Structure formats: C-alpha cells, structure tokens
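Residue numbers (my numbering), protein chains in the order written: chain A, 1 to 777; chain B, 1001 to 1369.
If you're looking for bench data, these hints aren't it; they were derived computationally from the structure.
Quantities reported herein were computed from a predicted structural model and do not represent experimental measurements.
For glycine and all other residues, C-beta sits at the position ideal for the given N, C-alpha and C.
It is possible that part of the hints are untrue.
[Said to hold, decoys possible] Computed list of lysine-lysine pairs in DSS-like fashion (alpha-carbon distance at most 30 Å, straight line):
id : chain 1 : residue 1 : chain 2 : residue 2
1  : B       : Lys1167   : B       : Lys1053
2  : A       : Lys544    : A       : Lys519
3  : A       : Lys651    : A       : Lys542
4  : B       : Lys1354   : A       : Lys274
5  : B       : Lys1353   : A       : Lys651
6  : A       : Lys274    : A       : Lys520
7  : B       : Lys1053   : A       : Lys136
8  : A       : Lys136    : B       : Lys1353
9  : B       : Lys1053   : A       : Lys651
10 : A       : Lys136    : B       : Lys1167
11 : B       : Lys1103   : B       : Lys1052
[Said to hold, decoys possible] Short derived list, chain B residues pointing at chain A, Cβ under 7 Å:
id : residue
12 : Arg1071
13 : Gly1077
14 : Gly1098
15 : Val1102
16 : Tyr1327
17 : Lys1353
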Amino acid sequence: MSSGGGENSSSSSTSTKTKKPNSVKSSRSASGRRTPKRAPPPSSPSPEDAQPSTAAPQPSDLFGVSGNEKVPETLNPFELGRKAREATENLWSTFVDLGSGFSSRSSGDYDLDVDMSRVASPSDGEAMTCDVGTDKAETNTVLVVGATGSVGKIVVRKLVLRGYNVRCLVRPRDDIPLQPSTRVGPDVRVGGRHGRTLRFSKGETTGPPLEAVCGDAEAKQILGLPQQVSIVWGNLASGLDCYRAIDPCCACDADSESFRKYGWEALCYAPYDKPPTTKVVYCVRASNPDDEGDRSLCDIDGVGYLSQAYQTYWNGMTQMQQRNWKRDRRLQTSEFNKKGKTLLFMFSDNTTAQGRGFNAALRGRDTDKRVVRGAGGDPKQKRQTVTRKRYRGVESWRVTEPSTGKGGGASKPMSPQERLRREYIEALGVKNEATVRSSEYKGVMRFEGEVYAKGGVAEARAPFDAVDLPGVMALEKYEGLQLECSSDGQPCYWCILEDETGNRYRYRMSAMSTYQTWKKIRVPWSSFRPMNNKTPPLDVSKLKYMGIRYEAPSVAQAEKIKLQEVLRSRDFDDDVDVRLSIDDDDDDDDFDDEDEDKELLAAKFRIDCSKVSLLPRQEEPDFVLLSCTGAGAAKQMEEARGRALNQPNYKMSENESTFAERDMRRTKTAGEDRLKATGLAYTIVRPGPLQDVPSGLQALVFDQSGRVRNSIGTADVADVVVRSLHEEKAVNKSFEVCYEQKSDLPTGLDSYELVAHLSSLETDYLKPALEPLERNI
Amino acid sequence: MASTSMMISCRTPAVQSRQASRSFRSRRSSLHARSEAADSSAPVSSSGTPVKKMSMLVVGATGTLGRQVVRRALDEGYEVRALVRPRQNPADFLRDWGAVTVKGDLNDPSSLPPALVGVHTVVDCATARPEESVRAVDWEGKVALIQACQAMKIQRYVYMSIANCDKHPDVPLMAVKSCTEEYLQTSGLNYTVLRACGFMQALIGQYAIPILEGNQVWGTDDTTRTAYLNTQDAARMCLAAVRSDEAVGKTLTLAGPRAFTVSEVIALCEKLAGASANVSKVPVSVLRTAKAITGVFQWTGDAADRLAFAEVLSGNEVFSAPMDETYDLLGLNPEETTTVEMYLREYYTQILKKLKEVGAQSGQNRFDF
Chain A
1 MSSGGGENSS
11 SSSTSTKTKK
21 PNSVKSSRSA
31 SGRRTPKRAP
41 PPSSPSPEDA
51 QPSTAAPQPS
61 DLFGVSGNEK
71 VPETLNPFEL
81 GRKAREATEN
91 LWSTFVDLGS
101 GFSSRSSGDY
111 DLDVDMSRVA
121 SPSDGEAMTC
131 DVGTDKAETN
141 TVLVVGATGS
151 VGKIVVRKLV
161 LRGYNVRCLV
171 RPRDDIPLQP
181 STRVGPDVRV
191 GGRHGRTLRF
201 SKGETTGPPL
211 EAVCGDAEAK
221 QILGLPQQVS
231 IVWGNLASGL
241 DCYRAIDPCC
251 ACDADSESFR
261 KYGWEALCYA
271 PYDKPPTTKV
281 VYCVRASNPD
291 DEGDRSLCDI
301 DGVGYLSQAY
311 QTYWNGMTQM
321 QQRNWKRDRR
331 LQTSEFNKKG
341 KTLLFMFSDN
351 TTAQGRGFNA
361 ALRGRDTDKR
371 VVRGAGGDPK
381 QKRQTVTRKR
391 YRGVESWRVT
401 EPSTGKGGGA
411 SKPMSPQERL
421 RREYIEALGV
431 KNEATVRSSE
441 YKGVMRFEGE
451 VYAKGGVAEA
461 RAPFDAVDLP
471 GVMALEKYEG
481 LQLECSSDGQ
491 PCYWCILEDE
501 TGNRYRYRMS
511 AMSTYQTWKK
521 IRVPWSSFRP
531 MNNKTPPLDV
541 SKLKYMGIRY
551 EAPSVAQAEK
561 IKLQEVLRSR
571 DFDDDVDVRL
581 SIDDDDDDDD
591 FDDEDEDKEL
601 LAAKFRIDCS
611 KVSLLPRQEE
621 PDFVLLSCTG
631 AGAAKQMEEA
641 RGRALNQPNY
651 KMSENESTFA
661 ERDMRRTKTA
671 GEDRLKATGL
681 AYTIVRPGPL
691 QDVPSGLQAL
701 VFDQSGRVRN
711 SIGTADVADV
721 VVRSLHEEKA
731 VNKSFEVCYE
741 QKSDLPTGLD
751 SYELVAHLSS
761 LETDYLKPAL
771 EPLERNI
Chain B
1001 MASTSMMISC
1011 RTPAVQSRQA
1021 SRSFRSRRSS
1031 LHARSEAADS
1041 SAPVSSSGTP
1051 VKKMSMLVVG
1061 ATGTLGRQVV
1071 RRALDEGYEV
1081 RALVRPRQNP
1091 ADFLRDWGAV
1101 TVKGDLNDPS
1111 SLPPALVGVH
1121 TVVDCATARP
1131 EESVRAVDWE
1141 GKVALIQACQ
1151 AMKIQRYVYM
1161 SIANCDKHPD
1171 VPLMAVKSCT
1181 EEYLQTSGLN
1191 YTVLRACGFM
1201 QALIGQYAIP
1211 ILEGNQVWGT
1221 DDTTRTAYLN
1231 TQDAARMCLA
1241 AVRSDEAVGK
1251 TLTLAGPRAF
1261 TVSEVIALCE
1271 KLAGASANVS
1281 KVPVSVLRTA
1291 KAITGVFQWT
1301 GDAADRLAFA
1311 EVLSGNEVFS
1321 APMDETYDLL
1331 GLNPEETTTV
1341 EMYLREYYTQ
1351 ILKKLKEVGA
1361 QSGQNRFDF
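Given only the sequences and the hints, what does the whole structure look like? Please build it.
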C-alpha cells in the first residue's frame, strides 16, 4: 500500500535503508521483531517460493560469502566508521534498487523528490497533460457562483486542478454558523481597493465579512469544496456581497469613522492580500424553480448584480489608472483593462431607469455626479468632465438630405405605376423632411420625418472622430456597436457605417416593436454588409461616420402594414386599399386632413436613440453564464417537483412540461439579456438535461438554434465551461450543447445534420466547435 | 482477518500447481467470474437506494499512479474518495484537489467497509512501500479489500498489476500480484486487471538526474526491454477502463509506445542532457548471487525480495504488449500517449530552464550544459 505523502516517501525509504545495518547492530531484538512478518506460514501462497526459508542467519556466513562474491557493498558496516558506513549504505541501496527499480514498484511507489514535487503541486501546469490555458491560470482568479451545485462542483475541481485561484460565493447555510470575521480590521479596508467608496441602501449592514465559526477547512469539508478555494459568504440578493465576491478587500462604507479620519490615504496603503476576481463563472440554479421569486433572483438579478459589481470594480480600476494615481506603485505596474462597453454617444441619462436594482443598491458618488452632468454639465467639476468627455450628444448628428430614392435604379426600367406615382408627388409639391433633435421627454435623440415615394430614404449621421476615443482612433480595438433604440415598429431602419472614401455598409435593425421599451442591439463590425457590389470589404480602421437610415417600405409593404392596422382598429373604410401612408399613432402628430393625397403617400418614421456605445474586443470571456436549453429547463422543473412530492420518478405531462419549459426559459433569457447588455465579454452555455455520467462518453453537439433536446453529462458541461474561460472563439457567444443524437436508423441513414465534436480532455474540441457559431445573438 | 487467512489456505494448492494447469484454470475461472458477476450485479441494481455511479474509491491514492488517477478522476467529474492511512503528515494535497480522504488501512480489514459505503467503483493502485512487507499489504491487505468489496457489493473493481507477473512465480511481488489476479477472477466482482509495464517517472530518478548531475549511473547488462508508460497516460487508460463496460472481466496490459532497454534510455538521456553518463554496469549474475546470499538472512529479506528481480532481468524479456486492442476497447487515441522521447525531452527542457534560473540567482553552476 502506498498511501504515504509524496514528500515523505523518499525520506522513509532512505530511513529504511539506514535502518538495516542498525538493526543488525542491535542484532537480536531487531531481527526478532521482524521475524513474525517474514516467517512464512505454511498455508501462504507463492511469495515464499522465492524465499528460501532456511535457518537463522549467522554473521560469519555473511562475511565469508560476501568476500567470495567480490561484492564489497555487502561488507558488514558496523565495524567500520560512520563515514564508511554511509558510503556503504548508499552503494547497497543503489545495488538493491538495481534489481527492483524498473518494474517492481510500477504500481505506485517511487522515491523521487523531483517527481513528487512536480506532481504534488497542483499549480504546476505540466503535471497534467490535459490542461487548458494553465499558463494563464496563475494570473486569474475565478469566482464560481453556485459552486455547490452539480456542475459548479466539478468546475471548481477542474479549476483547482489547473492551478487557478478559485473563489466561491456561498450562501449562508443553517448547518454552518457564521460570525463576523475577526481577522479583517474595518479600519484598514475602507471602501474598495480602487478607492471607490460604496454606499449601500436597503438597510444593508456593512462591516467585516463573515466567516464560519467552525473554521474554514471544516466548512469546506461540509460543503464538499476543495481546500484550496476561498469562500466568500454572501447572498446574491445583496449588492455588497456581490461586490465583496469580486473584491474581497472592501469592507466599509464612506460614512465610517475611519474613512473620515484617514480619508483616501487609508485606501492607498491598505494591504491587498486577496486578489480581485478576474473571471466569473455563474452556474446558479434556483433550488425551487416553482418559486418565481427565487428563480428571478437566481436567473436574472444575481447575474445583473454580479456583472455590475464586476464592472464597477474593474472600470474603477481603469479610471484610477488613467488618472495616473501615483501613490500606489502596485497599481501602476499592473495593467487593467476596461471591462464593458465604451460610451460613444449618450443623449440622456436613463441609467437609473435601466439598472434598477444594482444602481439603487450600489450608488456611489460617481452615479450622483453623472446625474448632475446629465442635467447640463457643471463646469466646476473639472475632474469629472475630463473623464467624461468621451461621449458626445445630439449636437454632432446631422441629417443628410432626404431623397426620393433611386427608384428602380438605372439598370431597371421604372414601372408605369412608379412613374405615375413620382409625377403625382411632384405635382403635389411635397418635400421629404427629416430632423434630428433632442426629444423633449428624456433627452433622447429623435430622428423623425416623412419621405414620399417608394425607396425614399432619410439618413442622419455623426462622425466617429467627434468622439475622443482612447488611442488613435482605435475602432479596430472594438468589436462592434451597441445601440439602445426604440422605434415605431417599422422594419425599415438601418445602421450605417461610412468610411473616408465614401464606401457604405449597412445593417438592418429589426424588431424594435414598442415605443416604451429600449431595445439594445449589438452589432459586430462583421455584421455590416456593403451597400453595393463594388464596395470593398469593411475596413474598420478607415471608418469615419456612423448613421441611422430609414428606407421607406415598398408600396406592397406599406399596404400590408396599413391593412393590418386597419384590421386591428376595425376601421373598414372604403379607401383602405389606396392609403399608402403609415399612421404611427403619435398623439402630437397633426396631419392635414384636407390634403389627403399627401398623407396617403407619406411614409412617416420615427426612431429614438438613447445611447450608442462601442463593444470592446476581448480575447477571453469575462463572464461565463450557465443557462439551460428548453429541455434542460423542463427536466430541472421535473426533478424539483419530484423532490417536493418525494417521488423520484415523477413525470410531468406534456402540457405541464411545455409550460414549465416556457416559464423557465423566460427568466433564463431575461438573465442572459441582462448579461449581454452589460457589454462584458460573455459566454452563455445552455446545456441540455443534465446526467450524472463521466465525461468523454459521447460526442457533443453545439448549436444556436434551440433545436437540440438531448441530455448531457455534468462533467462535460463543466469541461466546456472551463475551456471557454480562455477561448477566444467563445467570446460573446451563446450556444446550446448536448450529446449527439443516437439514431435508430442504420448507419448511413442518420438524419442528424449537426456536426458532433468528440469531447476529450486531451484535444481542444471547443475551438473548432465554436468557430462556426455566430456572435452576439 | 479469520476469513482472510481461510481464503489463503483455500488458494494454496491451486497456487502451487499453478504452472501446470494455468491455461485451464484461467479459462474456467474467467467463466466462473462472469457468471458470478451477472448474479451479483442483479440484486444491487434492483434494491436499495442506487449508489451514485460517479462515486469512486482510490486505494493507494498517494502513490505515483494513484495520485494521477485521483487527478484524472476529479477532472472527469467523479466524486473521488481516497483511502489513506492515518499518519503524521496527512495527504493534504488530495483534499486540496477536492478529493475526500477516508482513514483506513489495508492491514486493518475492519477499517475497509466504512470506506466503501456508497462507492460504485474501486480503483486499487496500492502496493507495498519498500519498507513494508509485500505479503502483508499486497496479499493479505488485497484479499481483505476484495472481500470487503464483495460484501459491500461494489459494482466495479479495477486492479493494477504488473506485466508478465504470471511468468515469474519466483519474484515475490509478481507472484502475489498474479495470485491476487486469480483471486479477483473468482471473486465475482466486475473486475478489470490492468498490468503496467513500467513508468517513465522511474527513469527520472534512476537515470535522468544522475546523468545530469554527472553522478554514477548504475545499470545492469541485461537486455530486458520495457515499454515505459507515462503515469498520466496510465491514469487515463485506467479511467477509460472504469467507464468501459467491455473491459469488465478483462486483463489488459498497459504498455508504452515502444520498448526500451536500459542502455537505450541512458543513451537518450545523454543526448538530451548533453552530458555523458558515467555508467557502472553490474552483471546480472552478481545480482542473482547477491540475492541468493541475502535471501539466507532474515534481516536482508527485503533486499532479497527486491534483488529477486534479477531473475526477471536475466530472462531478456520484453515488458510490452500490443496495444491496438486495448486502445480500441478503451476508446482511446494511441497518438495521445506520451513517448519516452517526448517525456524526457520535456523534463530536460524544464529542468535545464529551472536550473538556469537558479544558477543565475545563486551564481553557482555545477551542472554541465
């Protein structure tokens, strides 16, 4: 049995070797102790075949025979000096090992210091062949939320094996009593490490973090976590706890006595013994999916709070670095990247409306000042305006002349109806109109107007260089744009890019349905298509303008829209079929009833835009969210109900299952959207129903269409999650993953069309699997 | 313990006549094992709370192979329990990785059943330490473990043995391993025997480091060839065997890609280290004589056991096996297996780099580059 520590195995074996001569020295007692072990009982198996069970040893024999055989190392050493004895022992052990070394201890035991130290230290990358990104492991601290769950548990172990610094946010439990930590002095760690003070509302208690009464090691044992992780006790519903999980060195609020006493100085020299979280793995599952509140906390709010805390911390760090904070050398040397999007244009301050929960809970000074600036900018706050000069408002947007469009274009002859239409428009003497202005309600940018004729377009644009981007027009450092828009519901709006030579590229912004909700549209540069065939492919570094474009729908489209509207309002007028205009239900829109023809032909449009930001291009995801597929959701619900009813084999009816699926996917999707909107580099993994099987059994299928319904092993999901932490192809992607379909059909007739990827710990299957998947959807 | 010794006594005649009727008995016993396996697995699955399929007990988890098995199993998502002896400095690294350690000792059969509660698979990579008695650990301890597994209805048992162990009844460890294999076949467990040839990790201490340091390397003049295998690959194969249903009741030899003689290994090390080895060759006959002498005395008994391998060395055997079938059975890719060249090259690259760093700091460089 070889269950000794690696560190002592070498010493133990050498000690044995030194023991041998000693035992001879003390002659009888030693050999007597050994005898019962060695003496072969009559009923024993073959081992004693090899051992001639002859008489007791005689020292004289030893000397005589060894002399004959010319093996000096068998000289009895106890008559020699100490030094000579050591030398002899070394020789003897080498000699004995000659025979035994190669395969006798093949199943477990070696006396190799080097080997042991190599294998025993888990941070050593090359100890595992199946490592992914171990070179990056040491510099990363991964926060695993939901570490006690079925997937989280394996994720934590995998990360620990690969040498990551792992932190777990664990909910306080009944079986582990907690107490305020005594090791952390609240006097030292005021605020966060980056000096951003946090004020917490909702009556949250601030103070030292919690720790288990029974001790850290014991608590980890109860939770089933590896000893190498660090635990942050806290609840997802608390902004402070979430922030603490990102930066464990934050302890107090700005109102505390020590902050008033020491001010910022206290922060600069605070001991930062705990590294901040660099990556988040979120695999929380509501324990009771039937509880809507629990589910919305776990699926939506937790994601929101954590991503906000993550951004608050890292963006604070970036800001501080940019301010060239000279007091702390450590902060200067380390590099901080901005997490999340960069504001390009902001027309209003609607952050309070958007980030309800977290901003309310975690509203620091920064947010307050932003409100002041939003109201017009206070010239006294010079420092703030410096840091905030990056984005521009509505003033840099210009309307390019609206046109009637090219009609059929030069190549195609104009249809008789169209020609008639144009002539009619000219006869009426109406003009296309479009304006860009600040809306009176929220200060959003409103682009509205009316164009006539099929193919009529209106466009507004702004130059990129109105924006003071970090670096030299570093648009290629970004991955794309994020627009926050709302429109009148027409599917006719485009986002336009134009480079310095006038080449234009466009992307259709679809599905902005209602006026009241803001839709966040993420458009990577790669989604923009050239406006005509001769345009060369998009070169991001040459871009000059971005714009919004409206193209009037064709007559058929307009009629269709109109017809739907009319049907909805049950207004069966006679002139339904000839009305071409689009009524957009705007109350302040007063059109001329008398000039009916003009109204008939007008295509009105209105689009509001509150923010345009740049999405940073990231090498690796910051936030990996474990969601689930529809089938997975139904299975979770089924399991939870089975547990509640104490029926392990509980089965839901089909209707029930469909409903549960839709219900759970709703909150999951909301959580996914919350994460996408933050602008962090995300990866969303949606596994099928989970199975408790080892990894590598079956090939995996990656998909984005929601078609797959198979199950998948927990270990495989964990492997995908861990791999995607350093996978460039996983950035900003959401995908389903499950085992491949086992087809009943004979080989060759398999109907499954998705490409399966064989999962194994050795090969990097994730990169080719994720390569064809689309980003940002 | 009583039952253990009883088992031993039952087995003895068979062992003694082993050479004569090996082929017949092995066939019979494998049949026997299969029928019993079918019998024993049926009631387990039908009654009681099902054991989690992902739960695994690793015996000998602190050993060279055992710890790799633990790592690999954790990485594949198993709930790993490790049987460790209560000792002064506990195996903390296992718990650091996320395994659960259970106190137990193969020499204390009463400690085994508690460790087996709720376990689906047992992987046995234990063997006696040099200072321990082969007989107490590798025979009595293993018999106790197998019996405990029978009693606790363990559903999968993987046993690490030595290649060609059935051909050397004179070598105690090999004879014991061979006996245990046979005992396992009659136990009715869903067993898999994995016979390892030799591990690359042994090469480091025996040849790589001494050559690097310019110390004397001890070798024998034998032409035994061994297909060395990386322990990580062995662990990978071990876990593949655990999850493969086809491996039940099979005895598989785990061999590396190519068999090496000692002199070939030394030559390779010399090439990679850029140093010439100071080889002292000891004729095998000397070892055999030494064994004969040391075997006479009780106090040199352990040494005699180890020197007994001289018998193996003199046979000019090849410790290797065709692996195609094994790879196929386990569903592994042969190209992923580390070769000795790769292993030693990586080792030397790393150690030379490390030594350079150390040398730069301390200003002394006693190594020949």
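Consistency of the hints with the structure:
As the CA atoms of Lys1167 of chain B and Lys1053 of chain B are separated by approximately 36 Å, the hinted pair breaks the 30 Å bound. For the suggested pair Lys544 of chain A and Lys519 of chain A, the alpha carbons sit about 25 Å apart, so the restraint of at most 30 Å is met. The suggested pairing of Lys651 of chain A with Lys542 of chain A is violated, with an alpha-carbon distance near 59 Å, which exceeds 30 Å. Of the supplied pair hints, the one linking Lys1354 of chain B and Lys274 of chain A holds, its CA atoms being roughly 28 Å apart against a limit of 30 Å.
Restraint check for Lys1353 of chain B and Lys651 of chain A: the C-alpha separation of about 60 Å exceeds 30 Å, so the hint is violated. At most 30 Å may separate the alpha-carbon atoms for a hinted pair to count; Lys274 of chain A and Lys520 of chain A exceed this at roughly 36 Å. The straight-line distance between the Cα atoms of Lys1053 of chain B and Lys136 of chain A is roughly 33 Å, outside the 30 Å bound, and the hint therefore fails. Straight-line distance between C-alpha atoms of Lys136 of chain A and Lys1353 of chain B comes to about 19 Å, which keeps the hinted pair within the 30 Å bound.
Restraint check for Lys1053 of chain B and Lys651 of chain A: satisfied, since their Cα atoms lie roughly 22 Å apart, inside the 30 Å limit. Of the supplied pair hints, the one linking Lys136 of chain A and Lys1167 of chain B is violated, its CA atoms being roughly 48 Å apart against a limit of 30 Å. Annotation: proposed proximity of Lys1103 of chain B to Lys1052 of chain B holds, straight-line Cα distance about 21 Å (limit 30 Å). Using the Cβ-Cβ criterion of 7 Å, the hint placing Arg1071 of chain B at the interface with chain A is satisfied: the shortest such distance is roughly 6 Å.
The interface hint given for Gly1077 of chain B holds, since its Cβ lies 3 Å from the closest Cβ of chain A, which is under the 7 Å cut-off. A least Cβ separation of about 4 Å between Gly1098 of chain B and chain A falls short of the 7 Å threshold, and the interface hint therefore holds. For the restraint placing Val1102 of chain B at the interface with chain A, the shortest Cβ-Cβ distance is roughly 11 Å, beyond the 7 Å limit, so the hint is violated. Below 7 Å, beta-carbon pairs count as interface contacts, and Tyr1327 of chain B has none with chain A, the closest being about 13 Å; its hint is therefore violated.
Because the beta carbon of Lys1353 of chain B sits about 11 Å from the nearest beta carbon in chain A, more than 7 Å, this interface hint is broken.
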